[in-house]
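Asks: Residues per chain are reported as follows:
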Amino acid sequence: MKIWTTIVWGAVYTLLASCGGSESSDTTEEMITRDNTQEVLDYYAAKPDFFTFKTIADLPDNLSWQNGSELPDIGSPDAIKGGVQYSSLQDFPRTMRLVGPDSNGSFRPYLQDYITMQLAHRHPDKFNFYPGLAESWAVDKDSKTVYVRLNPAARWSDGEPVTTDDFTFMFFFMQSSYIVAPWYNNWFGTQYTNITKFDDHTFSVSIPEAKPDMDYMVLQMLPVPEHFYKALGEDFVDRYQWKFQPTTGAYVVKDEDVKKGTAIALTRQEDWWAKDQKFWRNRYNVDRIQFNVIRDIPKVFEAFKRGDIDQLGLNLAEYWYDKLPNDDPDVANGYIYKSVFYNQRPRPTYSLAINTAKPILDNKDIRVGINYATNWQLVIDKFFRGDYERMKTSSDGYGDFSHPTLTSRPFDIELAQTHFAAAGFKERGPDGILVNEAGERLSFTLSTGYQSLKDIPTILKQEALKAGLEFRIEMLDGTAGWKKVQEKQHDIHFAALNVSLELYPRFWESYHSDNAYDVPYLADGSVNPDRKIKVQTNNLESMAVPEMDAMIDAYRASDNRAEMMKLAHDMTQLHHDHASFIPAFYQPFYRLGHWRWIRYPEGFNHKHSSSAGHFFVHWIDQSVKEETLAARKSGESFGPEINVYDQFK
Amino acid sequence: MLKLNPQTLKKFRRFREIKRGYYSFLILAGLLLTVSIGELLVNNRALVVSYEDSWYFPIYTEFHPGTDFGLDYHYETNYRELQAAFSKQESDNFVIMPLVPYSPYENHAPTGIYKPEPPDLALKHYLGTDTTSRDILARLFYGTRIALLFSIAFMVWVYLIGITIGCAMGYFGGMFDLVFQRLIEIWSNVPFLYMVIIVFSVIPSTFSIPIRIAVLLTVMVLFSWTGMTYYMRTETYKEKARDYTAAAKIIGASHTRIIFHHILPNVISTLVTFMPFTIVAAISSITALDFLGFGLPPPTPSLGELLKQGTANLRTAPWIVTSAFVTLVLLLTLVTFIGEAVRESFDPKKFTVYK
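Protein chains in written order, with the numbering used here: chain A, 1 to 649; chain B, 1 to 355.
Chain A on its own, in the form it takes in the complex (with noise of 0.2 Å):
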């Protein structure tokens, strides 16, 4: 499953922290050999109720299954497949391990969200599901529970049938307390009631509440191969950390290929099980993929110049219009094509994150001031150059579940100054800053991990100071920025969550009290003078308001679409009120620069892909590849391609 928690690494460039150099062999490979096979039995025997086993006969016969066949093919059927396709890491992934410390970084999606199959996947035009590892799934939303039956034909990588042992060993695996990994533990303890199988292909499973997408909260899953855990233990973390998980997918790392600090490579399987199924057929047609380690963003774009990288993403106006201007002679002579795709999707939250457990910043009339004094259209405008949009709210991009009429606050110096002196800060010091009665100056840190973005904000800064505010800015690293928001010692922080292809937005993670402090409230409603802060979760802002949590909680435990939809925009509002989230810009589109031998299909991509990588449905052109080159070199021209691709939009 997609962990939606996932924070965006700036678009398509940030800088992550330097890691590491390269290591030798695994040294940490010891002798001791485990097999916890009873260990998982026992673990099942022990809650009866979440794992119950059954026969095929006890499978109700009034199901109505459902297969997802109706819905069209993705891809293009003109793919070729093979080639070496060229990319660049700016970091050398931490690890290679899905889940626990480390493992939630920006090569997680090569290792898992783009390549493995989950039981059955959203259509990226239609939304509706179209098979993965599912043969077909059957909703019964009176008992809450969707029932599955595998495809027989699936296989991981190393050649093991995908079978129910896969899945009931996921809740085994993702409940255990050694995988380090407490979302995890959360979400499949509460948001799971029970999984009984019936044969080795066929299951189902439950959940507390009938929800509108019930469906998808079973359909998502990613089974997890149990012959390959069999030494799973309190060592997990370094047993497995530069083991490669066998995949369902077509995308495969071989040890060979692993070059600690320096490079890395996905290989695609020749006899993957799934390479003529409907919807994967024409997808994943690169033979492989290698990634090297670039840390320097200029580095990178020389490197794609010099046609060394096969395609980047040209999201920041600098690039698009600057450095691969639209006569650039590569550009003009049609060597490397540029794309613009107008995608639909909830969009990645950037914002600034206002810690309210901070002194002053627990003033409201302060963080609504602060929302006035923060000149995100100046950014927009001048910055981004007017291509990309202000976000609204925090759940954007929802449909029907976004506010339908909430914005975000206007640069405002008038109400910005009216809202601080509101909270006594209400002359100006000598340097032009507001101070209260008290002395203290009107001053915050505002902290980013967005090297790529390091412009923003001195530019806010600048802009603050004319309402009388001031931030001091502090330039960290991704990984250092990702961290102190997550020990919660910003004041404000830049950042954004990632979000994935959902219905409706989710709220508890980063909303509700129970992830801002140990203990929000005493037994009696008030609040707990000596609670602490909790580390180490989504709730930037620190938020803890009993009216949300209510909410929050109702909104879990609903199973009505309307009431939900209600509840959603209440949240909405109360969090825009609450004014510890400004909402920055959101991109309506990505934009790419590809050599001419990386073809796309006709209409270029899918409604709801997030990057032009997401569905893999590319591939490389060997001829067209030895004629651009020949081209190239005697100064013949194809003719600029420089395409908009706005029909989504």
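Rather than coming from a laboratory, the hints here were simulated on the basis of the structure.
All values reported here derive from a predicted model rather than from experimental measurement.
One thing to keep in mind: the hints can contain errors.
If we take Cβ atoms under 7 Å as the criterion, some of the chain B residues that face chain A in the derived model are [what the hints assert, rightly or not]:
1) E76
2) N78
3) E106
4) A109
5) I113
6) Y114
7) T132
8) A312
9) T316
10) W319
The list that follows gives simulated cross-link-like pairs (lysine-lysine, BS3-like), each with its CA atoms no further than 30 Å apart [what the hints assert, rightly or not]:
11) K454(A) - K305(A)
12) K88(B) - K466(A)
13) K454(A) - K124(B)
14) K19(B) - K249(B)
15) K124(B) - K466(A)
16) K299(A) - K254(A)
17) K275(A) - K230(A)
18) K461(A) - K124(B)
19) K466(A) - K566(A)
20) K358(A) - K461(A)
21) K275(A) - K243(A)
22) K454(A) - K299(A)
For each label pair, taking beta carbons as the anchor points, the in silico distance ranges come out as [unchecked claim]:
23) D296(A) - P318(B): 16 to 24 Å
24) G439(A) - Y22(B): 33 to 41 Å
25) I59(B) - P359(A): 33 to 41 Å
26) P430(A) - T311(B): 54 to 62 Å
27) Q536(A) - P318(B): 26 to 34 Å
28) Y194(B) - W187(A): 37 to 45 Å
29) Q536(A) - A214(B): 30 to 38 Å
Just so you know, even glycine gets a beta-carbon here, dropped at the ideal spot from N, CA and C.
Position chain B relative to chain A; hints supplied.
Replies: Okay, now just chain B, sitting in the frame of chain A:
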């Protein structure tokens, strides 16, 4: 009145005779003087505002909100706009702006887009603007000032600590010398740049920028003073063994007197020759740290930050890297020339010919 001994006067004369070093010294001194009154030359605050028969000199005073000059906003007056507005009015009000009417922090984008713009005399962006449309000359100017002041402070501290400890080691010798030397050997093996990066990355950002610069200075000094002690120690050992020191001892001079009146004046020439090179090293390291992003906190103007921007925009905005690079080269060359001249003039063997 300071009375210089004839030896020293002779050295000064020789320094003046070495033209390259002497002129470099004059230029650098002039530069120091210029940057110390920098606010009068490069600033977005006006030198003089005459408004409704009142005179304002906003540069070194508190900020003036726009309302002071009949404008409708409470934030800092935009004096360039005020100047334009006054010149349109038929009144006696006027504004005199500095030569470069920009501050190193403000984003001034005449095209409405934040991007590097080439030098433009009409807009008074004499060296162009950087990636967020800040004036490069202003940033260069203040960046140079910070680098110079920083390196002078650095030198003073390194010398104070280095001389004290080195001198003590040489003078007292024995166990003290032995133990301290071992400590210094260990200390000097700690990689300097990494330590600076590590220490500076954990400084909380709640500190104000001057304090953070002071912390950076302290850390750099802490890891740089050891080099000086070796020279001091050997020199002191040498002077201590001389007859005049023995004589002073016999007539009952105290340690303090011997060190400050007899030994230090005699070893000072060795030290003086190192000074300019210490400054060169300080400017280089602060620039390198800024380039790596571990130096002065943003948005402090700095040479390293400009160099970094410049290398990142080599194709599209070559003027950024050019100005930063030329400034750095000039600065380091000047200091090095001075250093060479000082060394030569303090060299007693004037006519030695190396073969």
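Asks: Each hint: holds or not?
Replies: Here is how each hint holds up against the structure:
1. E76: Check passed: Cβ of E76(B) comes within 5 Å of chain A, closer than 7 Å.
2. N78: violated, 10 Å
3. E106: Holds. Min distance 6 Å.
4. A109: holds, 6 Å
5. I113: holds, 5 Å
6. Y114: holds, 5 Å
7. T132: Because about 5 Å separates T132(B) from the closest Cβ in chain A, which is inside the 7 Å limit, the hint holds.
8. A312: Cβ of A312(B) sits 4 Å from chain A, so the hint holds.
9. T316: With a minimum Cβ separation of about 5 Å from chain A (threshold 7 Å), the hint on T316(B) holds.
10. W319: violated, 14 Å
11. K454(A) - K305(A): holds, 24 Å
12. K88(B) - K466(A): Distance ~25 Å between K88(B) and K466(A) Cα, so the pair holds.
13. K454(A) - K124(B): holds, 26 Å
14. K19(B) - K249(B): With Cα atoms ~42 Å apart, K19(B) and K249(B) exceed 30 Å; violated.
15. K124(B) - K466(A): holds, 24 Å
16. K299(A) - K254(A): Holds - the C-alpha atoms of K254(A) and K299(A) are around 27 Å apart, at most 30 Å.
17. K275(A) - K230(A): holds, 29 Å
18. K461(A) - K124(B): The given pair, whose Cα atoms are some 24 Å apart, holds under the 30 Å limit.
19. K466(A) - K566(A): Violated: K466(A) and K566(A) sit about 38 Å apart, past 30 Å.
20. K358(A) - K461(A): holds, 20 Å
21. K275(A) - K243(A): holds, 25 Å
22. K454(A) - K299(A): The hint holds at about 18 Å.
23. D296(A) - P318(B): 16 to 24 Å: Because 18 Å falls inside the window, the suggested range holds.
24. G439(A) - Y22(B): 33 to 41 Å: For G439(A) and Y22(B) the Cβ distance comes to about 51 Å; the hint is violated.
25. I59(B) - P359(A): 33 to 41 Å: Since the Cβ atoms of I59(B) and P359(A) sit about 35 Å apart, the hinted range of 33 to 41 Å holds.
26. P430(A) - T311(B): 54 to 62 Å: 38 Å Cβ-Cβ, so the 54 to 62 Å window is violated.
27. Q536(A) - P318(B): 26 to 34 Å: violated, 45 Å
28. Y194(B) - W187(A): 37 to 45 Å: holds, 40 Å
29. Q536(A) - A214(B): 30 to 38 Å: holds, 33 Å
Of the numbered hints given earlier, the model fails hints 2, 10, 14, 19, 24, 26, 27; all others are met.
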